[in-house]
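Please build the complex by placing chains S and F on the supplied structure of chain H, with the hints as guidance.
Residue numbers (the numbering used here), protein chains in the order written: chain H, 1 to 193; chain S, 1001 to 1288; chain F, 2001 to 2397.
In short, the hints are calculated from the structure, not lab data.
Even for Gly, the Cβ is constructed at its ideal location relative to N, Cα and C.
There's no promise every hint is true.
[Stated by the list, open to error] Not the full set, but computed from the structure, chain F residues with beta-carbon under 10 Å of chain S:
id: 1; residue: Leu2175
id: 2; residue: Leu2180
id: 3; residue: Val2332
id: 4; residue: Asp2333
[As the list claims (entries may be wrong)] Rough simulated footprint, nothing fancy, chain S against chain F, three-plus residues with beta-carbon under 8 Å:
id: 5; region: 2068 to 2081
id: 6; region: 2340 to 2348
As a plain string of letters, each chain reads:
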Amino acid sequence: MSTTIALPGFADPVDEAQATFRAVLDAMARPGRLHRVGERLTAPTPLDPATAAVLLTLVDNETPLWLDAAAAAARDWLAFHCGAMIIGAPHGAAFAVALSLPDLDALSAGTHEAPESSATLILQITALGTGVGYRLSGPGLREPAMLKADGLPAGFVADWQRNHALYPRGVDIILCAGTVLTALPRSVSIEEV
Amino acid sequence: MKGYNFAYLDEQTKRMIRRALLKAVAIPGHQVPFGSREMPLPYGWGTGGIQVTASVLGAGDVLKVIDQGADDTTNAVSIRRFFARTAGVHTTTRTADATVIQTRHRIPEQTLRDDQIIVYQVPQPEPLYRLESSRIETRRMHALADYGLMHVKLYEDIARFGQISISYDYPVMVNRRHLMSPSPIPAFDNPKLHRMPTLQLFGAGREKRIYAIPPWTEVRSLDFDDHPFRPIRAPHPCGLCGATDSYLDEVVIDDRGGRLFVCSDTDHCAERRAAGHVGTEGLKEAAE
Amino acid sequence: MAYVTVKGGEQAIDNAHAWLAEERRGDRTVQELTLAQIEQQLGRSVDRAMGEGSLYDRELAALAVKQAQGDLIEAAFLLRAYRTTLPRFAHSLPIETATMQIRRRISAVFKDLPGGQVLGPTYDYTHRLLDFDMAHSDARTSDEAVSTMPRVPDILGHEGLIEPDGNGEAEPGDLTRQPLSFPATRDVRLQALARGDEGFLLALGYSTQRGYGGTHPFAGEIRMGEVAVEIEPPELGFAIDIGDITVTECQMVNQFKGSKTTPPQFTRGYGLVFGFCERKAMAMALVDRAMRAEELGEEVTAPAQNVEFVLYHSDNIEATGFVEHLKLPHYVDFQSELQNVRRLQREVALTAERAEAVCGQDTPPPLAGGSWGQGAVPPSSPLPPTSSREGRGRFSP
Chain H
1 MSTTIALPGF ADPVDEAQAT FRAVLDAMAR PGRLHRVGER LTAPTPLDPA
51 TAAVLLTLVD NETPLWLDAA AAAARDWLAF HCGAMIIGAP HGAAFAVALS
101 LPDLDALSAG THEAPESSAT LILQITALGT GVGYRLSGPG LREPAMLKAD
151 GLPAGFVADW QRNHALYPRG VDIILCAGTV LTALPRSVSI EEV
Chain S
1001 MKGYNFAYLD EQTKRMIRRA LLKAVAIPGH QVPFGSREMP LPYGWGTGGI
1051 QVTASVLGAG DVLKVIDQGA DDTTNAVSIR RFFARTAGVH TTTRTADATV
1101 IQTRHRIPEQ TLRDDQIIVY QVPQPEPLYR LESSRIETRR MHALADYGLM
1151 HVKLYEDIAR FGQISISYDY PVMVNRRHLM SPSPIPAFDN PKLHRMPTLQ
1201 LFGAGREKRI YAIPPWTEVR SLDFDDHPFR PIRAPHPCGL CGATDSYLDE
1251 VVIDDRGGRL FVCSDTDHCA ERRAAGHVGT EGLKEAAE
Chain F
2001 MAYVTVKGGE QAIDNAHAWL AEERRGDRTV QELTLAQIEQ QLGRSVDRAM
2051 GEGSLYDREL AALAVKQAQG DLIEAAFLLR AYRTTLPRFA HSLPIETATM
2101 QIRRRISAVF KDLPGGQVLG PTYDYTHRLL DFDMAHSDAR TSDEAVSTMP
2151 RVPDILGHEG LIEPDGNGEA EPGDLTRQPL SFPATRDVRL QALARGDEGF
2201 LLALGYSTQR GYGGTHPFAG EIRMGEVAVE IEPPELGFAI DIGDITVTEC
2251 QMVNQFKGSK TTPPQFTRGY GLVFGFCERK AMAMALVDRA MRAEELGEEV
2301 TAPAQNVEFV LYHSDNIEAT GFVEHLKLPH YVDFQSELQN VRRLQREVAL
2351 TAERAEAVCG QDTPPPLAGG SWGQGAVPPS SPLPPTSSRE GRGRFSP
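Chain H extracted, bound-state conformation (with noise of 0.2 Å):
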């Protein structure tokens, strides 16, 4: 059995599962919001907790996963702990962790008739509430809202806007950084500041 197996999921699978989706819900809700989530998690390298605690709420054997290059170091962890169908190509993913901004356009952004089967891509990044920031308005903010993340790309704001643009299909992004996630639904729009 190799070392990262032996490390521990959820300490109470129920609860801890329930917090950490109500805190992607809420971010998903309000893109942008800045949750806490997994604090008492051991995740396997290359993983942050908030990384783990995400795939341990929302991922099992019924979504195909696919992992970068980076993130491929947690596949016996994940496939051990969620029972993940871990899949070699983005493409037919419903779920894809990367540590670095991946081609959006590799994703599935759904079809029109079903744009809920598109990916959601959970992206580890350096920081989230410090680095540059992020006008977001849309659905879910009052108005517009500002988000401060490290670690995304220079380019991101010109693919983003490209996957905003498939409205209503497109994919959508939960933010993690060490013990913090927040997320971008393809509703919102984004620009730098």
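Frame of chain H; chains S and F shown alone:
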């Protein structure tokens, strides 16, 4: 409860519903199909709302359940008991104290806050079903944002009655993209949907659809420039608390045409009375 | 006296449950039913509850029948609500009905065939006379031997007279995990029918015989008996037998004239249900074949051929819930309709007054309850037109 998971549903089912909820929030007003499970309550009695609530609820939540605005209608009692029994959560009838409110057919009068979630029970999520019975067709219409059929229906109403004659389950356009059924709430409640600070979740168990409206989202009741949307309400004050701005139930009090109008939102009415507001019935009582 | 809002939903529910328990038990001087009695002596009720409840467990089904006072839709509902909480340990291999231990097997298309016709425990040739001896006791016994027999469609298949059976390699869909989507493939349609309401399928199957989507069916074979259920745990790598279940299978053989790409041949309609539920298996086979109309290039005109119509309305747990939810309070909606009708009436009266003032006499426009009730008529009704259609009233050759 012995033999069952927290809040009845197993964790795998909750994960499936949670995934559907996140997609629903990301596409406001779009109906997301989900693998609705058989619940121990009948289809049509709130199984969609119950599954959504069960997937959202945590041990620290305080749950309020209303049917027709009232906490004490039998089905509301039954659902509240179900969660008290299977999840052991605290329940309340006070709108302000609740973190999760499950409702059938009403939105509370009191403005909801951003730290609350409202879950609607939905009998028929497809706003176009009376006009086009095939779901293959209606799905195509949503994909193309082709809502001409609904505009024709509203226009025909105006030609025939001089006004739009829909009084409940009045269709709305969400985020300027998706036509949505607000569930059979009275049209009176429609304005509350617009830019509500609260996350609104909708569950249709029998029809196996989940949809959502994020906070502060634009929700417009369909109308025409020369025939603007007009919510209706009985032109009376509440007989118990005297409210003139709440939605009213009509109570038949004798067989000679006697009628009494009282707030449909029982918590709202009770709070007003506790604060000293009195309606005509209360005045009569005081005189007796 | 002042009006007081009605309270007491909680007490009302408790009282109703207590009354129900008392009524379920009935007269306490009469012996209480045991689950064994129900399972053994009301076997057809148990079978139907298992089939529509989608859970093969005779003892739990007997409990459901007892708890539901013999209301079989209620019993199926109890089983469904229970099964949904059960974990899934494994998926079985497809059952092999060719190796069924036969208790009943009949064919309407061949007079004699290998294995012969076995009537089995059927009501078919009973005279429906109340048997007053049974009012007291019934001690008759029978000792029928069982064996395996080839399936009739397989016999036809050897000659290439019937279309090949579906390819069993693909992973079948599962309606209990994934919601119905369209186009619905045949595996999913069959699952929906197997769980569907016997009465609904019976009526639809009957309608195909009366000209609403006729399929010219012959009962190729009906068989009932026990089949083994096997699973293949990945860690073992071979199949193990986990027990037997009783099933009824019906294969309808239907006429098909052929198309540009397919030679004239017989086509199949398939029915398979838990337990001994022959009426349901036959109706299911008729409806399965009717729903294949589009696939076989036939015109879709009748309710039984309309896949969306059939699949959305066959589940009696969904249907009974929604029909019966009408008894829940709707006073908010009714109130909004009342205000609406009152407003419309006032405006009609006003218009009429004004018209009278202008030209003396005029007929006011008719008042109609607009709103959702009657205002909107679906442009595409699921029912076919009743005017003459090709093929209507034709006889089978």
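Going through the numbered hints above, which ones does this structure break? Give me the numbers in ascending order. none
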